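Positions 121 to 721 (this note's numbering) are the ones given, in order, by the sequence shown.
Please keep in mind that the hints were generated in silico from the structure rather than gathered at the bench.
Do not take every clue at face value.
For each label pair, taking beta carbons as the anchor points, the in silico distance ranges come out as [as the list claims (entries may be wrong)]:
id	residue 1	residue 2	range
1	632	542	35 to 43 Å
2	711	602	45 to 53 Å
3	694	391	47 to 55 Å
4	592	542	42 to 50 Å
5	565	464	29 to 37 Å
6	197	578	42 to 50 Å
7	537	565	30 to 38 Å
8	148	208	26 to 34 Å
9	690	565	22 to 30 Å
10	159	539	30 to 38 Å
11	182	623	49 to 57 Å
12	503	714	44 to 52 Å
13	578	182	43 to 51 Å
Everything numeric in this text was worked out from a predicted model, so none of it was measured.
Just so you know, even glycine gets a beta-carbon here, dropped at the ideal spot from N, CA and C.
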Amino acid sequence: MPTYTAPTRDTRFIVNEVLDLASYGNLPGFENATPDMIDTVINEAGKFCAEVLAPINQAGDEHGCTRHEDGSVTTPPGFKEAYQAYVESGWGTLAQPEEFGGQGLPHVLGFVLEEYTGTANQAFAMYPGLTAGAISAILAKGSDEQKAMYVPKMISGEWSGTMNLTEPHCGTDLGMIRTKAVPNGDGTYAITGTKIFISAGEHDLTSNIIHLVLAKTPGAPDSTKGISLFIVPKFILDENGEPAQRNGVSCGSIEKKMGIHGNATCLLNYDGATGYMVGEENKGLAAMFIMMNAARLGVGIQGYAQAEVAYQNAVTYALDRRQGRALTGPADPAAKADPIFVHPDVRRMLMDAKVFTEAMRALCLWGALQVDLTHKAQTAEEREMADLLIGLMTPVIKGYGTDKGYDIANNMQQVYGGHGYVKEWGMEQFVRDSRIAMIYEGANGVQAMDLCGRKLAAGGGKAIQAFFAMIDEEIASAKQDETLKPMAERLEKALGEQKAATMWFMQNAMANPNHLGAGAHHYMHIMGIVTLGFFWLKMAKVAAAKLAGEPEDKAFYEAKLVSANYYAERFLPDAGALRRKLEAGSEYMMKLPAEAFATAA
Numbered sequence: 121m122p123t124y125t126a127p128t129r130d131t132r133f134i135v136n137e138v139l140d141l142a143s144y145g146n147l148p149g150f151e152n153a154t155p156d157m158i159d160t161v162i163n164e165a166g167k168f169c170a171e172v173l174a175p176i177n178q179a180g181d182e183h184g185c186t187r188h189e190d191g192s193v194t195t196p197p198g199f200k201e202a203y204q205a206y207v208e209s210g211w212g213t214l215a216q217p218e219e220f221g222g223q224g225l226p227h228v229l230g231f232v233l234e235e236y237t238g239t240a241n242q243a244f245a246m247y248p249g250l251t252a253g254a255i256s257a258i259l260a261k262g263s264d265e266q267k268a269m270y271v272p273k274m275i276s277g278e279w280s281g282t283m284n285l286t287e288p289h290c291g292t293d294l295g296m297i298r299t300k301a302v303p304n305g306d307g308t309y310a311i312t313g314t315k316i317f318i319s320a321g322e323h324d325l326t327s328n329i330i331h332l333v334l335a336k337t338p339g340a341p342d343s344t345k346g347i348s349l350f351i352v353p354k355f356i357l358d359e360n361g362e363p364a365q366r367n368g369v370s371c372g373s374i375e376k377k378m379g380i381h382g383n384a385t386c387l388l389n390y391d392g393a394t395g396y397m398v399g400e401e402n403k404g405l406a407a408m409f410i411m412m413n414a415a416r417l418g419v420g421i422q423g424y425a426q427a428e429v430a431y432q433n434a435v436t437y438a439l440d441r442r443q444g445r446a447l448t449g450p451a452d453p454a455a456k457a458d459p460i461f462v463h464p465d466v467r468r469m470l471m472d473a474k475v476f477t478e479a480m481r482a483l484c485l486w487g488a489l490q491v492d493l494t495h496k497a498q499t500a501e502e503r504e505m506a507d508l509l510i511g512l513m514t515p516v517i518k519g520y521g522t523d524k525g526y527d528i529a530n531n532m533q534q535v536y537g538g539h540g541y542v543k544e545w546g547m548e549q550f551v552r553d554s555r556i557a558m559i560y561e562g563a564n565g566v567q568a569m570d571l572c573g574r575k576l577a578a579g580g581g582k583a584i585q586a587f588f589a590m591i592d593e594e595i596a597s598a599k600q601d602e603t604l605k606p607m608a609e610r611l612e613k614a615l616g617e618q619k620a621a622t623m624w625f626m627q628n629a630m631a632n633p634n635h636l637g638a639g640a641h642h643y644m645h646i647m648g649i650v651t652l653g654f655f656w657l658k659m660a661k662v663a664a665a666k667l668a669g670e671p672e673d674k675a676f677y678e679a680k681l682v683s684a685n686y687y688a689e690r691f692l693p694d695a696g697a698l699r700r701k702l703e704a705g706s707e708y709m710m711k712l713p714a715e716a717f718a719t720a721a
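Make a model of the complete structure from these sequences and hints.
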């Protein structure tokens, strides 16, 4: 059975030393995030996830969710008890606003919790994760009455939430949705239609489920400009705000999926269900994107979370499994064979996993800090810059993070050889569970197009220029230190590749938009590689400063420097190859006629 240990030491390093969260103590919500509070949250969250959620992950995958004849759904054994423990411990309240019952702590700590829950048990983590996204949409666009009616019990965990976008005939192109919202004449709407792939759409964990549903009102434009957003509760509330009458929404089936079996991914039928409009008519997509952007960051965390748990187990296996001898001579002459850990190709896969997960953790926690600063920084300029940076980085966190997270999980299965292909070892579950992260909340090809087609040009390129300036500044500083100079120079070269790729888009994409589409995936990966290089340089800078003294945890900081150099040598050169692919354009990619793809008999 696979195991999980929360990487609390590494998290504390990033939060306390790299991000220096304590230095933001003058901002609202940060005053309570003292070093002692931060350590307590990190340690207790890690303990909860390792001891409560991880042990039911494999069984949850094997058992899955069960739909009954009346349309109700039960979650796997242990999930309901674990959810109750999650609620009683107040984990869902961590980064939520105090006025609605939250603790008001920084999103950085909320992201720590998201990582640990997602690593320990991704299927379970999706239930509170979707609720948090629904809360963010209601807080941003809901009326005061809607906020007071729904948000407190969603924050407490008594109720959960979902997002309902996809329909059988459309996913990415939401302008094609057919779900209708007909006015009832009393301010409510009758919602009718079918939604598919609705994660946590029906379950037995909470007393009510608050669905956020996209639908079209009569006469609305037949495009994305005609979409409205509605709250459709599973149970309509009575005059006391308690669940009463069953609403006209039911689970028609549970999707038979490749992974995340412990999460109820439902086909939901809406049959004249009572709905309440959120925000303005025909402005629903913008409201839903608030939830989707939050979810995309959460999915980015899932990408490296599955890589992390797969890596932890692969390290244990590699240290225990004996096959062959080290190329430099027997590492353990007294035994018949050496642990596979001594073989360079196994070490390559483990090092790739280590440097990816640690840098992605730093990127995501930095991203959470930008979310906080967007709302709480002291000046309008600081708030705008944080908003630009996190907007730019969201598709990279989601797209690159989940592409590489899946690759890493796959390679960790490879470390096990044949045992990795057998269910009892648990590695194939990590691969299956990690695969969905590349698809939902906007498939990664869409993320790449969002980055290249929208985010690069946003504000006249202000965000990407700020990104370049931020990294240039870090490189210039690091080059003054002989320990950091070699990796800084490698990062500088990789950044130069990204700048050149950006310029190529500017010169060629307007003339032929297919050039942008053909190179978007490559650009997203270039940017991911450069960004993680930036965070490795930042981590190496902190480690080198610590090692200049006599740190108690010397081995930890030495490992950071080794890992940073490994990343610089092994990952950063890929930026050049990807730029060359990007600059090949779209000619041969798009040249063959459709019939040429058919297999001849």
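Structure-based check of each hint:
Checked against the given bound of 35 to 43 Å, the beta carbons of residue 632 and residue 542, roughly 49 Å apart, lie outside it. Take residue 711 and residue 602: their Cβ atoms lie about 50 Å apart, and the range 45 to 53 Å holds. The given range of 47 to 55 Å is respected by residue 694 and residue 391, whose C-beta atoms sit roughly 52 Å from each other. At about 49 Å, the CB distance of residue 592 to residue 542 agrees with the hint of 42 to 50 Å.
Between residue 565 and residue 464 the Cβ separation comes to about 34 Å, which falls inside the hinted range of 29 to 37 Å. In this structure, residue 197 and residue 578 meet the distance hint of 42 to 50 Å, their C-beta atoms being roughly 47 Å apart. Between residue 537 and residue 565 the beta carbon distance is about 32 Å. The supplied range of 30 to 38 Å therefore holds. With their beta carbons about 28 Å apart, residue 148 and residue 208 fall inside the hinted range of 26 to 34 Å.
Between residue 690 and residue 565 the beta carbons are some 26 Å apart, a value that agrees with the proposed interval 22 to 30 Å. Remark: the range hint 30 to 38 Å for residue 159 to residue 539 is upheld by a beta-carbon distance near 37 Å. Between residue 182 and residue 623, the C-beta spacing of about 52 Å keeps the proposed range 49 to 57 Å intact. The hinted window of 44 to 52 Å between residue 503 and residue 714 holds, with their beta carbons roughly 48 Å apart.
Distance hint for residue 578 and residue 182: a CB-CB separation of about 45 Å, consistent with the stated range 43 to 51 Å.
In terms of the numbered hints stated before, the structure departs from hint 1 and from no other.
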